[in-house]
Structure formats: C-alpha cells, structure tokens
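Required output: the full structure, derived from the provided sequences and hints.
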Amino acid sequence: MAEMASVAERVTEEGKAPAMAASTVDLAPAKMAVAHLGLRYGDFSALRDVNLVFPERQVTALIGPSGCGKSTLLRCLNRMNDLVAGCRVTGSVLLDGQDAYRFVDVNDLRRRVGMVFQQPNPFPMSIYDNVAFGPRTHGVKRRADLDEIVERSLRDAAIWDELKDRLRKNALGLSGGQQQRLCIARALAVRPEVLLMDESTSALDPISTAKIEELVRQLRERYTVVMVTHNMLQALRVSDRTAFFLMGEVVEAGPTDDVFTHPRDGRTADYVAGRFG
Amino acid sequence: MNSSALREGTARVLFSAAAAVSVVAVVLICLFLFVNGVPAMAEIGVPEFLLGAIWRPANGLYGIFPMIVGSIYVTVGAVIVGVPAGLLCAIFLSRFAGARMAMLLAPGVELLAGIPSVVYGFFGLIIMVPIIRGLAPGHGPSLLVAALLLGIMILPTVITVARNALDAVPRRYYEGALALGADHERAVFCVVVPAAASGLLAAVVLAVGRAIGETMAVIMVAGNQPVIPGSLLDGVRTLTANIALEMGYAAGLHREALVATGVVLFVLILLITLFLNAARKRGGR
Ligand SMILES: Nc1ncnc2c1ncn2[C@@H]1O[C@H](COP(=O)(O)OP(=O)(O)OP(=O)(O)O)[C@@H](O)[C@H]1O
Ligand SMILES: [Mg+2]
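Taken in order, these protein sequences are the chains called A and B. Reminder that position 259 of the first sequence reads as 259 in the working numbering, one-by-one numbering, no gaps. Counting from 1 along the second sequence, just add 1000 to a position and that's the residue number in the working numbering.
Covered, in the sense of this in silico footprint (three residues per stretch, anywhere, with C-beta under 8 Å from a C-beta of chain B), are these stretches of chain A: (1) 73-85; (2) 129-142; (3) 186-194.
Quick caveat, the hints were computed from the structure, so don't treat them as lab data. Quick reminder that beta carbons are idealized off the backbone N, C-alpha and C, glycines included.
Structure, rendered in structure tokens:
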C-alpha cells in the first residue's frame, strides 16, 4: 500500500509538466514508460511529446475522445505501428528501462507485451490451437507442456469451465464475449509481462463486459495492464491510473481517483463529466 | 412509382432470362450427352466399356479404361507440378512481394492465362519434347511432357484464385499473430494460409477442372497411344484426346462410343468437383 502511494506521488506531475515528467520516469519503478514520444502518420502528427509511466502491476486507463491517439499510443508500446507505412516515431518507449525501438528484438518485445484487440480476433482454427499458437511460436513442443499452458491460460481468462469440453471446436463458433476472453487467454499463454487492451469490451454485452472487467482486476496482481476505454465508469472501476488525451497530447495523468474527482485541468473535468468529446 | 416498378419488373425478367439461358444450356448438354451416349454404353456393355483395356473401333473393341487412367494420370501430374508452384507464387504475390514486384509479376500471370492452348501445345512440341528426347532417346511425346505442360497451363488459374483468397484474409488474423510475437513467415504460413484454406482448395478444384478438360495441348504432346502408360516416359491418351482425335471420321457405334466417352468425362469431373467441394466445406468448418 505504502509503496503504491509513493509511486502515485512520484508520477502525479507527469501530465502537467513534460520536463518534470522525464525525471519522474527515471525514478518510478515503471514496467513501461514513454518519454517525449511523438508520432506522425505522414504529415499528420498523431502524438506530440507524450510522457507517461506504466507502473508494474497496475492498470492504466487511457481515455479521450475519438481520434485523440489512444490506439496509436497503445500500438507504439508493442510496435504494431511498424506495420503502418509512413508512420514515424520519435522519442522513446522503454520496457524495463530498455528502449523498445532500439535494443529489444521486435518479436521478443511483442511476446513480452501482449495485446488484445478491439474486435475479438481468434484465428479460424480450434480453441486449443488458438491458445497454443503463441507457445508453439516460442518453441514449446511437448504435448503435455502445451496442454498445461492451454488449461492455465484458459483458467486465467476465466473461460476454462465454459470451453474445456470443446477445445477441438473451431473458435469462430464462440460468442463474441467468449471469443474476446479466448483472445485474452491466447495473449496470456505466452506469459507476457504487459497486457495492452484496446477497447476490448466495446463490442460486448454488459455481462461479458463485467466478466472481463473482473478478469482485469485479477490480472493486475501479476501483469501490468494498459487499457483504452471510452467507458468512464469502466476506467473508474478497474484502473489504478488514468491518462486523459486530447488531440495527440496528454492533458492529465495520475491516479484514477484524482483524475476523476479532482481534475487539475478544466478540459479533463469537462470530459469526465461527459460535457464534450 | 409506376416507372420504378416497371423498371424493377423489366430487370427481373432480364435477369431471370439470363439465368434461364445458362440452366437451359446445362440441361441441354446433359440431355444430349446422355441420350446419345448411354445407349452405346448399353450396347457395348458397361463393364466392357469402362474397364476394357483395348480400344480398337475397327474390330468393335471399345474399352476406354486406358483413357480413364490416362486422364487421371495427366491430371494428377499437372496438379503435382502446378499446384505447389502456383500456391507458393500466390503466397509470394500476396504477402511477400513489394508493391512494385507484384505490379511486374501480376500482368505476367494474366498473360499466361491469355495464351491459347494450341500455342502451349506448340511450345511443348518444339521445346519440351526434344528436350525429353535428348535426355531419354527413343522417347518424346509422353505423360511426363503432358503433365509438365498442363502444370504450367493451370498456373494462372491457381495463382489468381489463390491470391484472391489470400488477399481476402482479414488483416486482424495477421496482426493477431504478430502481436503474439510471431514473425512474418510464421504469421503467413501458420495463420493466413490456413485461414484461406477453403479458397485455396477452390483454386485446386478449378485447376483440376482445367487440367482434365484440356484437349488441344495434350493431343500435341502426349503421344496418344490408347494404352495404359507403364512409365512417365510412355505416351498416354486422355478422354478428351480420344474424343477430339476420332470424332472427325467416326460413324455409327464408334461415334456413339465417343459421345459415351464424353459422358464418362462429365461424370468424372462432377465426382471430383463434388468430392473436393465436400472436403472444402469440411475443412472450412
Ligand atoms: N494508419 C493511419 N494512417 C493515418 N492516420 C491514422 C492512422 N491510424 C490512425 N490515424 C489517425 O491518427 C489519429 C489517432 O488515431 P487513433 O486510432 O489512435 O485514435 P483513438 O484515440 O484510438 O480513437 P478511437 O477512440 O476512435 O479508437 C486519428 O486522427 C486517426 O485518423
Ligand atoms: Mg482506437
């Protein structure tokens, strides 16, 4: 508890003053951090001087109106933006203090920083093969090991009981909510250190959403989670920290309670109160 | 309102007529084949016709078994040659080639599709047959040349259909694989290609249809002996070649036996297509 509070104190200022944020990035026991991050899609500047830390074993929510760059930031953290032609990144993304763009092998980075997409995207193959895909990619071959990983991952994603009798069935036959939890299981199967979730509940019904929120609350005991959400209540319910974006810039970032109850910036106050965006 | 109803009505009539034309054509062809072919089969005797090993119309021997085997051999050979090459080429065009490379290659593939089969046959006759003759004196026109040539001829079909299937695979599968730490090759071969499996099989179905139905090019390079080939270097006669070679002068039962050969070809293609489509549906699920 005391440790978390001190983390919170040290990083409270990051959104406000970039210069100070850079120094807090060095201090915080951050799992991931971005410093002076800028990103351009061709001529369009999608992110400008973003400074954020993602402390270990905490859930950070990214909020902001559509098009403000939340997904873009998320896709910098595991370098999915590398796929976009004409996308240029400046500044740094750090994973355990290492520059993700320079020193870490990109496939290794993506193994350590998993991602769950907005639309559930299970592969058109069996449930088992979906979950086993990641471990197989990284060299797990023994059947017994794979069985164990598949079961553990599905249990961690709170979907083992629903699926254990149909592991050989095609994953596309599952409901949207089940598919999304399967995708979470698939991401967990490679034992990532960080989990990125981009509006992972926006296509789901309230019950599936509640299940996934509960799941995220449990995951944070072992993983560092960064989630994009348009649902203010969801951010309040599951996140430890919140960063509010506007037009490619961080307006305010800090402990979720502070951002929602005592926002320092008028625009944050307006947004969380639902007055614009 | 009235005029739009009128327009809709006209469109409906036109479309129905167009659909009817193709259905009527299929029905008429079937009817023609069976009406002319089945009595001959009955007269010759179905087992003697289908399983008879000797085709000698002058002596009243009408066994088409060598031609059935010949068609199957040539088609299988063409599939062995053309399908792997075509699929790999499609994967390359769809997922590995840069935009410029694809722009250079794609028209080449289209050009390949536009070459008349008699020109392919000519190529086989004056280039491939002499090469085989050089390598294996005494041989030339053969199963091997026919299979190789047909393998090349089915390439554009395989490549175009397979490439479309691969291009249609949703991006999110590929991204999902990368996000798990897979590299490009693994994402393509272990996720994108299996996801396109149904479309790739459709490419194979079309290619098989093309190969088994091809006539002109095969006649020019296959040797056409109505005997079951004992080796790759032996000559071979296909069902299509049998019809095309003899229809010009055949009369009476001989002529009807050739139509009956057409019936067998038709049923063979139907069976293969049904079988492959069933496999495709099974795989797609
Ligand atoms: N591949 C791309 N090429 C060019 N511009 C892009 C690309 N992807 C995103 N953008 C632009 O970058 C900006 C930020 O996009 P991003 O997807 O990060 O927004 P977002 O905050 O996730 O929005 P939403 O809440 O709607 O998902 C938008 O203006 C968008 O149009
Ligand atoms: Mg987004």
